[in-house]
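First to last, the sequence lines map onto chains D and U. Quick note: the first sequence uses my numbering, first residue 172, plus one each step. Quick note: the second sequence uses my numbering, first residue 153, plus one each step.
By construction, these hints were calculated from the structure, which means they are not laboratory data. Mixed in with the good hints there might be a few duds.
Think about it this way: if two alpha-carbon atoms lie no more than 20 Å apart in a straight line, the pair counts; the simulated DMTMM-like pairs of lysine to aspartate or glutamate are [claimed, not checked]:
#, chain 1, residue 1, chain 2, residue 2
1, D, K514, U, D233
2, U, K305, U, D171
3, D, K427, D, E363
4, U, K168, D, D582
5, D, K661, U, E181
6, U, K361, U, E245
7, U, K280, U, E311
8, D, K427, U, E259
9, D, K523, U, D233
10, U, K158, U, E373
11, D, K437, U, E181
12, D, K431, U, E245
13, D, K655, U, E252
14, D, K653, U, E210
15, D, K514, U, D171
The structure displayed is predicted, hence computed values, not measured ones.
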Amino acid sequence: MFFKLLKHSWLSYSRAHFFEKSFYIKLLVGFIMFFILLNMLMAGMTLPAILSEIAPKQEPHEIILSALIFIMLADLLIRWIFQKIPAKKISPYFHYPVSKKSLAAFFIARAWITFFNVYLLIFFIPFFSITVITGISKQAFVLVIAGIIALTGLNHSFIFLLKTLPEKNNVFRFVLLLIIAAFAVFSWFYTEHILYASLWLGNSFLSGSPGIFVIIAALIIFLQIQSKKNLQKSFYNLIEKRSEKKISQKITLAEKIFRKIPVYGKYWNLEWKLINRNKRAKSSLVQWPLMLPLLLILFWWLPENNIIHLPVFLIFFAGSYGFFHLQFFLSWESRFFDFLASKNISFNIFIKAKFYFYSLLALVQFIILAPFILLINPAYVFAYISVMTYSAGVIFCILMYAGINHSSRIDPNTKAFFNFEGVSSNQFLMIALVFFSIIPFIITGQIIPVKNATYWVLLLSGVLFWALHPVWIKKIVNNFIKKKYIKLEKFRKD
Amino acid sequence: MNISVKNLQKYYGKNKALDITELQISEGELVGIVGNNGAGKTTFLRLILDLLQPTNGEILINGENVSQSQSWKLFTGSYLDEGFLIDFMTPEEYFYFSGELYGICKEDVDQRLKAYEPFMNNEILNQKKYIRQLSTGNKQKTGIIAAMIVEPKLLLLDEPFNSIDPTSQIRIRNTLKQINTEKKTTMLVSSHNLNHIASACSRIILLEKGLIIKDITNIAEKIKEVEDYFSVNAQ
Numbered sequence: 172m173f174f175k176l177l178k179h180s181w182l183s184y185s186r187a188h189f190f191e192k193s194f195y196i197k198l199l200v201g202f203i204m205f206f207i208l209l210n211m212l213m214a215g216m217t218l219p220a221i222l223s224e225i226a227p228k229q230e231p232h233e234i235i236l237s238a239l240i241f242i243m244l245a246d247l248l249i250r251w252i253f254q255k256i257p258a259k260k261i262s263p264y265f266h267y268p269v270s271k272k273s274l275a276a277f278f279i280a281r282a283w284i285t286f287f288n289v290y291l292l293i294f295f296i297p298f299f300s301i302t303v304i305t306g307i308s309k310q311a312f313v314l315v316i317a318g319i320i321a322l323t324g325l326n327h328s329f330i331f332l333l334k335t336l337p338e339k340n341n342v343f344r345f346v347l348l349l350i351i352a353a354f355a356v357f358s359w360f361y362t363e364h365i366l367y368a369s370l371w372l373g374n375s376f377l378s379g380s381p382g383i384f385v386i387i388a389a390l391i392i393f394l395q396i397q398s399k400k401n402l403q404k405s406f407y408n409l410i411e412k413r414s415e416k417k418i419s420q421k422i423t424l425a426e427k428i429f430r431k432i433p434v435y436g437k438y439w440n441l442e443w444k445l446i447n448r449n450k451r452a453k454s455s456l457v458q459w460p461l462m463l464p465l466l467l468i469l470f471w472w473l474p475e476n477n478i479i480h481l482p483v484f485l486i487f488f489a490g491s492y493g494f495f496h497l498q499f500f501l502s503w504e505s506r507f508f509d510f511l512a513s514k515n516i517s518f519n520i521f522i523k524a525k526f527y528f529y530s531l532l533a534l535v536q537f538i539i540l541a542p543f544i545l546l547i548n549p550a551y552v553f554a555y556i557s558v559m560t561y562s563a564g565v566i567f568c569i570l571m572y573a574g575i576n577h578s579s580r581i582d583p584n585t586k587a588f589f590n591f592e593g594v595s596s597n598q599f600l601m602i603a604l605v606f607f608s609i610i611p612f613i614i615t616g617q618i619i620p621v622k623n624a625t626y627w628v629l630l631l632s633g634v635l636f637w638a639l640h641p642v643w644i645k646k647i648v649n650n651f652i653k654k655k656y657i658k659l660e661k662f663r664k665d
Numbered sequence: 153m154n155i156s157v158k159n160l161q162k163y164y165g166k167n168k169a170l171d172i173t174e175l176q177i178s179e180g181e182l183v184g185i186v187g188n189n190g191a192g193k194t195t196f197l198r199l200i201l202d203l204l205q206p207t208n209g210e211i212l213i214n215g216e217n218v219s220q221s222q223s224w225k226l227f228t229g230s231y232l233d234e235g236f237l238i239d240f241m242t243p244e245e246y247f248y249f250s251g252e253l254y255g256i257c258k259e260d261v262d263q264r265l266k267a268y269e270p271f272m273n274n275e276i277l278n279q280k281k282y283i284r285q286l287s288t289g290n291k292q293k294t295g296i297i298a299a300m301i302v303e304p305k306l307l308l309l310d311e312p313f314n315s316i317d318p319t320s321q322i323r324i325r326n327t328l329k330q331i332n333t334e335k336k337t338t339m340l341v342s343s344h345n346l347n348h349i350a351s352a353c354s355r356i357i358l359l360e361k362g363l364i365i366k367d368i369t370n371i372a373e374k375i376k377e378v379e380d381y382f383s384v385n386a387q
């Protein structure tokens, strides 16, 4: 049975939606993965020399080992966000004559086969093999790698336990949150202590201290046993969870406001619900505010004379969430497009509603950021306004116009990460076009001998496109109507 | 609302899915469309709703070509499958949104929903669930009610008796008959359930491999013919 289940796991992976994608998408994603791994490998190979130059008085492996706790915490965070437990695919096996104990044992064993248990080694193995030449013995190399494998296993087991916890076990989650908060505070004030503890841990591995290996192994066994128990208990939850979930029926402030807006209000309400009630759509919306402080840091960090290069960065931010959402223009509605197409809806108004909605969102973002930008450097306010106008005018036009060629179905409620549903090679070309569209403006800005010429040209282009939006939206609608049946047919396909 | 079909053909690649030379459906008719899987029932309904492009021919509703006019949509209610549900809305929100598109205010939608309370069986309204969290049967009911509460002059339903309990099936059947009698609504209902179709409809169209095999109006006398047709096929 173990091997049959293993075979099913392989089939579910090899027949996943991603593998049905076009060759170019697979090539691109493959290249990105290869690039990341190559970078880690290169980092592992070159870091010893770099560290020797930066800190000649310290051994490179000591520096890395001092940061071991922070590296493993970062690994934990990455796993928390990205690592999925295969147990979610377990429910089809419930009605077979297989004991729940065996199923739980299988999925616990199967979960070890994951990229997350390997990727750190791609950095650490070359790193420590080079430090063998410069300092540590071969035996110490084997021991430290064994130690890192042990810590990886500990992280894996810990994440597995967290993700198999019964939903109601909030006490454990609260305690965990307190520990993390306490650790964050402690590491802020006593960074040196953490670095010292980390080095001690690393040296324990190097010296082959059996105690540390036994403790980690015991912890892994304990966590795995707890996970198995949780998994067995959560089998029922996997089935019941769907029917139990209740939602709030209170009308939100946004809905109340949208209801009062004539013509476009009902479509804004639909858009608002679409991006708020679906996992994939919502995750980008929720992440968006987290990116804004980065933008402010960028403003703070850039010297004023570098304002010429600012639009290159701003182009991704100033259009706000619309920049991401409109990349899948109309595909978001693919699951209910038959409904929209069979109703008395003017697609001109429907598309205009979308355009106004995301333009407004860009403006709201500016209003929130403006006081901070003013504080950092008032000169950036004009730069921001001009790129925002360009985004809402020119970029939204490009995204929506190119979006007419999207015919891919999207389930907006599926997972957000590593989800390639709806992604097409056109989209990559479109983003490249959007990105490169700003270069002529920068060049023009350099040629015209007027202060802030780039920004004036961007502003004027944005205003022009915004003013002409009834014309190009009409063109989009006409193109859409021509392709309506093809789109509808493809939207129906899972 | 009357429907007129002329030389209608639909091909998927080289496969012919539908071929109807001529068909007239008069105002106030309750037409049942029956046929085995792949007979072309859903394709026909999608073509009427302008959700598919005919390979040849045209469909006119009240003399207007459905692919060249939008005005028929104001008087047409439909539910074909889950592609007609906005599954991240609650059923209430979905009913209000559907009503809004037909110019019906929230209060009127609430009023009209009262008539469907027995059909909803306390499992659809006020459940604090999105449509995607409802059972298949309740999703089906939500779609059917949304199509009906707008009180259309033309109603299209695809397999409305599927996935729902026997009591609800009978309720739908009776509601369709009642609306058809009282409001003279033209209705096209596709189904595999011959009993319900025979009981509710004034006319039955039997499709097979995209062709109209039988078009029966005197149902009481001729339903046996339809049953025999399927029995022979089964053997």
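Query raised in the report: Which numbered hints turn out to be false for this structure?
Result: Checked against the structure, the hints that fail are numbers 2, 3, 4, 5, 6, 7, 9, 10, 11, 13, 15, while the rest are satisfied.
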